[in-house]
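Fit chain B to the known structure of chain A by using the hints.
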Amino acid sequence: MTPPAPTDQATPTTTRRRARLTAALRWTTGRLVGALVVLWAVATLIFFAIRLVPGDPAEAILGGPGSQASDEAIALVREQYGLDQPLLVQYLAQLGRLATGDLGTSYSLRTGVAGLLLDQLPGTLLLAVASLVVAWAIALGTAWWATLGGRVAAAVSSTLEIIASAVPHFWLASVLVLVLSTQLGLLPPVSTGTPAGLVLPVVTLAVPVAGFLGQVTRDSLLDAAAAPFAVSARARGESRSGLFRRHLLRHAALPGLALSGWAFGSLLSGAVVVESVFARPGLGRTLLGAVTLRDIPLVTGVALVSALAYVVVVALGDLAERAVDPRERAT
Amino acid sequence: MSPRLLPSRALTTAALAAAAVLALTACTSGGAPDADATPVEGGTLTYATGDAEPTCLDPHVGGNYPQALVATQYAESLVSTDSDGAIIPWLATEWQVADDGLSWTFTLRDDVSFTDGTPFDAAAVAANVAHVQDPATLSSTGYLALAKVTGVEAVDEHTARFDLSAPDSALLESLSQPWLAMESPEALGRSQEENCESPVGTGPFVVDEWTKQQQITFTRNDDYVSPPADAGHEGPAHLESVVWRFIPDSAARYAALQAGQVDVIDNAQPDTLVAAASDDQLTEIDAPRPGASNRLELNSGKAPFDDERVREAFIRGVDVDDAVDSLFFGTAERSYSPLSSVEPLAYGDPSLFEVDADAAGDLLDEAGWSQRDSEGYRTKDGTRLSLTFPVSTNQSIPAEQSLFEQIQAGAKTLGFEVVLQPLDLSSWYGALASDDYDLVSAPYTKVGPDVLRILFDSSGITPAPSGYFANHAQLSDPALDDLLQRATETTDPDERADLYEQAQQVVLDSYTVLPLYDQQNHYLVRSSVTGVRALPPVSAVTLYDASRTD
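Note that the protein sequences, when read in sequence, are chains A and B.
Under the numbering used here, the first sequence has 71 at position 71, and the numbering climbs by one with no breaks.
Under the numbering used here, the second sequence has 540 at position 540, and the numbering climbs by one with no breaks.
Chain B with its partners taken away, still in its complex shape:
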């Protein structure tokens, strides 16, 4: 049998071009009356980010979302995804997986160079994978995504073969992530300090200067030839340069946007989005991040949530809908899935989350939490029904923290005491590591449903030496582990979809997860700019198609 051939470049290009045009019109329809006009060449766009300033601009080092945002401007991946989540060509034009699933062969574009002049070829791909896998690089996200890759062989100048220790149905999704973007091997050879300051990719812009705490300036890559298959145009970017400012305060960011001091902002908060909706100078791009939905996880590893009845009572007894609606002013849609709605394989079941306070009360009585103390909280054998809820103030936006307070109030009427503990990031990691939580909300961004394996496979309960682990629900179900394992290994898309649906059913049925909404990611764009869009793999903004209209 011949190796399985996935969609080739020829097949996809035409369809994707059409899809891209549709997607782009949808994105810019709000405030861009002259979207059909020829884009203006040149000019500078000022972008203001509310994400933390990266400590290193090379996304191989560490690997968080702020780095993904910056990397998307100057570096590119082997593949991308379209707005439906399907894999599309980028620096690789086509790919084949061997029958045994243990090797993938990528055909690379032969006309691309890094912006320092180094040619992009199979050796460069091998060097990048080696760089991510080198412990000295201190990669976390990229390293994890390449866990099954044992090495990359340059078959010829423009053919690279990835060898795997086990089949990995998520490999293409992993490779679409900016944390595995291709960088110049020449540049990677410099010291890490230097590469962090001025990394070199193949992207539409070049990192020009990084003024700490202030801004990064990018200049146009005039030799650019390699947009992803769903881009709006070909050739170099329209903009001459981009100023990437760090403005941590949400209100300040919005004020700067209104004043025209900046053209695009990210991390627009619910109140800002409502204000912006009535401003015809501003357009919103709503681009949820992929991976897991934002959700509460119930620690089933210890009392009281080791009793499924107590978990079910909490999930079915606390009304979340109204709180989400009022605190987010309708900007966030309620989710019923462990996966983000941008994941094509996301599966949800609203019926599990229909609120029935009476039934919840009965469940708690049944579980023995039938007494009430002087403050109205339920007790069992003299112990109060108390839940510890560490909240990461770095990761939960103010509206979300208010939501948790509403949940606290709702749970109180049921007889649960919810103890909210606002913590900074490191303390929050510490609380999780010492199993000092009953409820937790932890975002997880990753492309594809394989995130379920990270979050819910029983192996994720064992903490790493750092104390970090991802299975916060402490779900330990051999049947679920088996489903996730088979989903990882299958090469049949239909079987994969089916397995992941079953896995999500098991997760939802366990009442360890209360989905809230997608990981929010809203951009606001001034009408003086068109063509800004979120690049699907991780919904990071791309300014390649952007141009000024003034």
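Bound-form chain A, shown alone:
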């Protein structure tokens, strides 16, 4: 008896594995191309949008309010920063630089944009990620209470969620400072770099997002709770909180996870207000100053980094969805 000759014939298992690998590869490539398109679109939009608004960056570079620049200085700035070139030339030059990974030099701060962003990114990421975590905690907390606490709890929590999702950041920040800092003296009103200084900015950012996440999570949670599998799980002797943790959450979290990318984007834009109010260094404040001064390279840099972060978070959200929901993996 001779052993069967090895063949190129793949077993069913490897075929499936290869198919899954191809699918994953296609998914990744699609994501990468999508990301590049998003980044290019952002760079282009920002470049032209900032030029459409009247005003001369050269004037702002030279000091802004209360100072008056000489003709020579203006001419020199124009030349030095390439502002005397035709718009299309400026656009292509910038695109070329960006393609090679060069974010350029900030008009106003006169240093490399990449370095400035690297300095400011961690602060904003910490703020956004901490806020997202806190927002999820609040959302799940209220959803859990709404499902298990009866009709009154459901009504109260849904009212709270609507209010929370409608609250503007600057108002919430003022109220939190007034109550927790000025009246009670519990927390510092402006950021200090200590964990205590992070509390108010994080809560300010997290509450409106928690309102949104809470609403969608609660709805699907209630749907799932009414589904036959929930009844049969209870019939098998599953406790109420066990049902919540092991069965309902998986269903309920899906729409929320899909929204997390959006939530992260809203946190980044909320950072503009929150970082200014609490005097925290970060990308939001960098962006505010850069827009005011028509600092095109810096605005572009912040926008690109935010877009990139957004793309990454959306991709992570997709991955999380796939992990939570086996149906997603079938395709």
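None of these hints come from the bench; they were simulated from the model.
No residue lacks a Cβ here, since even glycine has one placed at the ideal position from N, Cα and C.
Treat each hint with caution, since some may be false.
Partner residues aside, some chain A positions facing chain B, computed with beta carbon under 7 Å [claimed, not checked]:
(1) 73
(2) 101
(3) 104
(4) 108
(5) 109
(6) 174
(7) 190
(8) 276
(9) 285
Chain B alone, transformed into the frame defined by chain A:
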């Protein structure tokens, strides 16, 4: 004839010391019961600024108020001014102007060094002027102030001669500004990027570290010897270090002050000032900025304000007093002068601004704006009496923006339509450059009445290539130009004062300017700190005399 000798150091020191003591007591009288006690040495003061974070700490580069605030802590000028606006010695001890007004000779202190060890001497002065005048420095404010200076000659080690292309009666006032502060030539020789981060002066503090968007830390200059003639003490500063925080939000700044997280704040807003007045932990320093008053300017270069009757009708028909009073809670005093009240030569005439709505209506009828459209606005030949008013949201505080809305409402009853356009800084510059305004409010900080030349000389109508120009009233009056020119050239203080008074009369009579109030500049200080004061030239805070009492 010998050169004219201006007040020498010996003459001024005694008088100024007395004046300084008075000024200081006045400043700190509110919440400093132990002002007479010996100041405590050491400690850290935290200052919170609401001004924009500078993009460069060297005030030669660009040149705006946030830079002036920071520069005042670490750098010093050749001269300063006292609380009456008189020029007093600082890094220069005395000075003489030549008979022809074309050169000024400064005698410098011979005991001063920059904090990097470089000696302060005539060569350093020459290097600083050259640095400001070098186009690559991108100086705007300082460059303009030195417009007539052709160069600086080091006559000997401690004598510097400024050569001028034309007489300049404003030279000393210009040199008192922080935008022309002296920096170490050694440090200026580094790259601009480096000098922006860590500039080196002769001041009471040294720039230690600048954490962007967060703070600047200053440490005491232990070898400091050169306070201005009106300072409260001699030798190094009392404080060991200063933390200079950037807190852009007004409410957050005040909350941080109340919580004791910071000791001094600037840009305190009217509502905050009222709240602080009843807090015995807090003292206010009201230090208006010099130069022009905050004012509305009426664009006389185009219709409808090219008709003087329409301008007069607007100015005499709209009541501003009540609005200023209610929106600023009495913290801002109404001005009737184109100049700030801290300018000794400011001249005002309240009689020109007495409100008479009936007379204003008659003037408009006379000017042909006698019809009314369906919305109640006046019309002439089918055209509505409409005024475009771009508002810089970066420069006008919320109370001022509310004031403009009140003016809009007041003007409506007269039949004017005022179209308010809130704009960010660059768009606002753009609107002015394209002559797309009838009303505008533009602050201008400068030491001395020479600001009138910048704001109202007819040459200021021609925009620079950037589009920027300062004569927003578009006032073109040869007689006024002549007055301003003669005021710039005279070396006789009395004649100068007289010429500037005449010039201000002409400006006010033209009904192109509606003065509102001084450029507001309020500091709030916790009672745990004494000796904080605003340094007169541009009312920037100085922490040299400050000390902690806790």
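Going down the list of hints, with the structure as the test:
1. 73: The hint holds - residue 73 of chain A has a Cβ within 7 Å of chain B, the shortest such distance being about 5 Å.
2. 101: It is violated, given that the least Cβ distance between residue 101 of chain A and chain B is near 21 Å, above 7 Å.
3. 104: violated (15 Å)
4. 108: Interface hint status for residue 108 of chain A: holds (4 Å vs cutoff 7 Å).
5. 109: With Cβ-Cβ at 5 Å, under 7 Å, it holds.
6. 174: Holds. Min distance 6 Å.
7. 190: Hint on residue 190 of chain A: holds, closest Cβ of chain B at ~5 Å, below 7 Å.
8. 276: Interface hint status for residue 276 of chain A: holds (5 Å vs cutoff 7 Å).
9. 285: holds (5 Å)
In this structure, the earlier hints numbered 2 and 3 are contradicted, and the remaining ones agree with it.
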